[in-house]
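Residues in the sequence shown are numbered from 113 upward in steps of one, following the working numbering.
Treat each hint with caution, since some may be false.
To be verified - Restraint ranges, calculated between C-beta atoms of paired labels, are given here: (1) 186 to 152: 28 to 36 Å; (2) 135 to 205: 17 to 25 Å; (3) 144 to 238: 30 to 38 Å; (4) 249 to 171: 27 to 35 Å; (5) 219 to 155: 28 to 36 Å.
Please keep in mind that the hints were generated in silico from the structure rather than gathered at the bench. Where a beta carbon is used, it is the ideal one built from N, C-alpha and C, also for glycine.
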Amino acid sequence: MATVLTGLAVTGCSRTVIVEPAKDAANPKCADILLTLPDEISGEKARTTSSQGTKAWGDPNVAVLRCGVTPPGPTTDQCVSVSGVDWISKPVEDDDSTWRFTSYGRTPAVEVLVNRKAESGNDVLAAISPTLSKFPPENECVGAEDIAG
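Whenever a hint applies, use it, and build me the whole structure from the sequences.
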């Protein structure tokens, strides 16, 4: 998977977060999602990003969001539910400070990278999940106990 945060561009006094757009970033539902995301997460203000369907909070970044990523299929990765939204949760390879959360069972899918050294993934998901909960799920995470028997 491509690196989301590739650097910072300096434009005047503000720094724009360079974020690679997701494949389906132009999905109209992404615009609806982006318009209703919080302006702050745990006191960290939203920042300008370089691509459609993206948002970032904090300087340095505590969270970077991309809407329109490929929806994950069935997986054995950990799944957490926050405010009725299921998230596949796993560390980013080769980066022990970043955790990747990908919404499960919703289209378009949303990916959130959280700087674990700066902010709790639970706090970030608690701020973002109410926006995604407005879109009905198509699937939900199930555990082994849900399918055995």
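key: Structure-inconsistent hints, enumerated in ascending order   = Of the numbered hints given earlier, the structure breaks just one, which is hint 3.
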